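Listed in order, the protein sequences are those of chains A and B.
Every position in the first sequence, counted from 1, becomes a number in this note's numbering once 11 is added.
Every position in the second sequence, counted from 1, becomes a number in this note's numbering once 14 is added.
By construction, these hints were calculated from the structure, which means they are not laboratory data.
Wrong hints could be hidden among the right ones.
[What the hints assert, rightly or not] With a straight-line Cα cutoff of 20 Å, these simulated SDA-like cross-link-like pairs (lysine to any residue) come out:
(1) 40(A) - 117(B)
(2) 314(A) - 341(A)
(3) 38(A) - 247(B)
(4) 51(A) - 180(B)
(5) 88(A) - 40(A)
[What the hints assert, rightly or not] One side only, chain B facing chain A, incomplete, derived with CB under 10 Å:
(6) 82
(7) 85
(8) 224
(9) 235
(10) 243
Only a predicted model underlies this, so the values are computations on that prediction, with no experimental measurement involved.
Where is the CB? At the ideal position from N, CA and C, for every residue including glycine.
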Amino acid sequence: MQFLNPGFLWLSVLAIIPIALYLFRRKSKRVDVSTLVFFKTLAREHQESAWLRRLKKVLSLLMTLLLLLGAIFALSKIILSPVSEEGYQTVVVLLDRSASMAATDAEGVSRLDRARELLEARLDSVPEDVGVALIGYDARPEVIQPRTLKRRELISRLDEVEVRPVAQQTRVALESAIVLARLETPALIWHVTDSPDGELKVTQAVPTPESNEAPEAEAPGAEPEPAEESKGGDDEDVLAEIERSLELPEGVDLEPVSVALEEPINAGITAFRIRPVPLEHGRFEAYVQVALNSEAPEPTTAKLDVFVGGALVQPREVELNPGDRVGLVLKLEGAEDQMLRLKLSVDGDCLASDNEVLEPLPNTRPIVAAWVRPVSDDDPFQPDLYTQFALRAFLDDYQFEILALEPGAWDGARDSVDVAIFDDCLPEEWPEDLPVILLNPPGDAGPIRISRVEGGVPHESVRVANEQHPVLFRVSSGRVSVTQTSVFDIAGSLEPLWFAGDEPLLAAGDVKGQRFVVMGFSPGRSERLPLTASFPLLVGNALLWCAETAPGITEKLIESPTGRVVPVEGESVTWTRWEEGGLKKSSANLVGGLLELNRIGIWETDQGQRGAAHLLSRAETDLRGSSAGLSAVAGEVVSQSGWLSGDVTWLLLALIAFVLILESYLFHRHAVY
Amino acid sequence: MATPSSRSSEEIFDADFLDRLRALFLRLRKRRQLRKKGIQSTPATGFTREFKDFRHYTPNDDYRAIDWRLYARLERLFIRLYEEIQEFHIHVLIDTSASMETPFDDKRLTALKLGVALSYLGLVGQHRVSVYQMGERVIEGLPPQKGQGNIQRIIDYAKRLEYGGLTDLNRCFTEFQPSRRRYGIFFVLSDLYGRGVDEAQEAIRHASTWPGETHFIHIFNPWEQHPDLDGEIELVDVETQEHRRLWFTRRDRKKYEERFELFLKEIEHTCKSRQIDYQRWRTDLPFEELFLDLLSRGSALASGS
């Protein structure tokens, strides 16, 4: 026997009142009268024997106490133990609230709403003495309602559950459910999910935010890659491994409850990354992967609209077969803080949360480059005007600030530059923390051993070692002729790009984390190099390539899939999302320096940290249909109980009514008023 | 129930009471004198002449009234004055059933006081007075008394009266049938509680055949008219020892009072229809006032002598 509201049991002290009234009742007063003839004319009289009278009083007291007890038990919601020993003591409802549960059917009912209907119907058949717990899960499980006998409270908490645009992690959730179920066995776990048969889903690995490589990065201008097969052999092995390893302990049973749609159609964006275009400062490339769920009934054409700053800049169409994943590269240009929005649409799409991506174009600042060159009235190559012209050639196209400095001014400017160009000179103190371009170096430069070649050695042509290197991007190496002025030893450190004979003329690479581009020739003395378009390109490529590693030039947006927790600084965060045709903002406080990415959109802290969170989940996009024959109707009664078990409030109320009527009839039908 | 021995004559018939009786009598006589002058003969039988006084003879006087012995002594003519007195038989029936004593002893006291007062009045008026006790039957415990000096005997008798038993009005009034030789005035001092509500009415009809003037003095306590009861009570009839359990409410009280008032009115109506004088005598009201009122209601006792 249990009481759902034991707080009312204290009312039992009220039993003192009828007992006291009985014990200290006023005895009937004996009055001698001269004659009874007038009293006999009154309507009521009590002609009872003494023992019957006493019996009636005791009976009245007992009935009053019974009435009081019944009312107290009804208020306390007494639950009688089941007559039968069989049945579960606990039901743990494990409710999937991941992104895919927002999928709607033709009537607009989401999977979560459907799950709620099912659960409420099922809970009606669960006896009152069976405790029910509720766990909601997406990336992490959350105990929404610990084991309780209060059904109304549970349903109230169930109604508050909302879908979160986060990919699910089923295994962790099942483990949590098992832990909860084991507290009071025998227990049953209802795994309510849109996965058919409640099977576990395997979510894809989450890419790290520091990586600049998109998972399936394509070279600029490449054609979209062909569709991939969904769920290859490796995934199946992992799934089987998880299912094998998840064992239910004794006394705990698992019942999957599927609320999956029958024939879902869903296309979604499963991968996205934006990056600056190499060697094109201010331009961006976005990689987008779109996929169609494997159980879509037929191939479909997906429309991908690209909006920058609210304007449609690229409408694209993608043909998708069921199970296809197609990657696209989008070239983008835009101003600072302009929003990039991708919208994917497919006829009959039942899940909207994986159809959009919203991200601001990364902010870039001008690259500050210091052109350090000696100036001499005697030497016409100091400064080298060809170098100056080359730098000026792309000044307008790209965001650069060029500081023309004499060597003496270098020390004062070194902290404010991103790239240093030493043209025919070297600093006294080598800047190890800056990328460096060495033009016509006169001697050793930091870790690079360099010797000047007096007089210079002309070369009609150069031999290209690596045409694909970014420094040689669009440079027509076959048409240049240079005058070599330096010889340098780059063994094991830099990559030679141009050779003259066996001597490297142009090299680039990283030495102990510092980027180098070394040009061992003098542009002014070279015949066909400075006057061609290749020289400005060469210089520009070298600058951009070196500036790639310079910190702070391009804003590093923290891109993460939803469900992750990222460390942040600040006290509040503002979320921006696309809703109802416009951008909507909302704020929240930050607690503990952590931000849970539980919604889709752009976030920004009050300290200026920015990031974007998207669903980007293959598993959530690949909606599966429900298996034929799987019933989503209300489950069977969990445990068998007799009629005098469970919640007997109705019985108590009937008893109270009966006792009231009986007592009124027996003792108060002659009541006076 | 108090026994006669436990009562002191002082509580009923103390000297003060007797003085008040005498004063009452004088007041009454004065009232009579104011109303009529001289000796009046009455149509009632059984009157006597009693010497009253001497007066000088005047030529208009009856010569037969001359007292010659006094003339022999004083050599003057005096006539003898006589007072003609009508002689009644005063019957005083005192209810001595249990209900007259318990639970309200003042009913007993009132009845005894009244009985003694009426007896005194009768004795002073040279009437014969018979006092009876009435319960299940009428018992003449004392032979008729005459003369003022016999008042003590009546008092002693009254003191010795024992109370208790039932009241059988029908039997009492049926069996009590004095002859016409005992024509007089009948005073019934009772609470008139019979075995049924209507028994008193039935019984009174028998009283109408009594030879003479009949007065019913209905003695009751104010509580009996307005019972102060509430809640669950167990009533016990002091005469029959019958028990009744009731839950008495205001509504019941109202019904009771109405029934009691009806009882009084029915008796009054019955008395009136039988030319029987009826007077309610509530024990909380002043004795003298009620007594004078009784006598001023045209009683022969009050107007004769």
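Quick check: which numbered hints come out false for this structure?
Structure breaks hints 5, 6, 7, 8.
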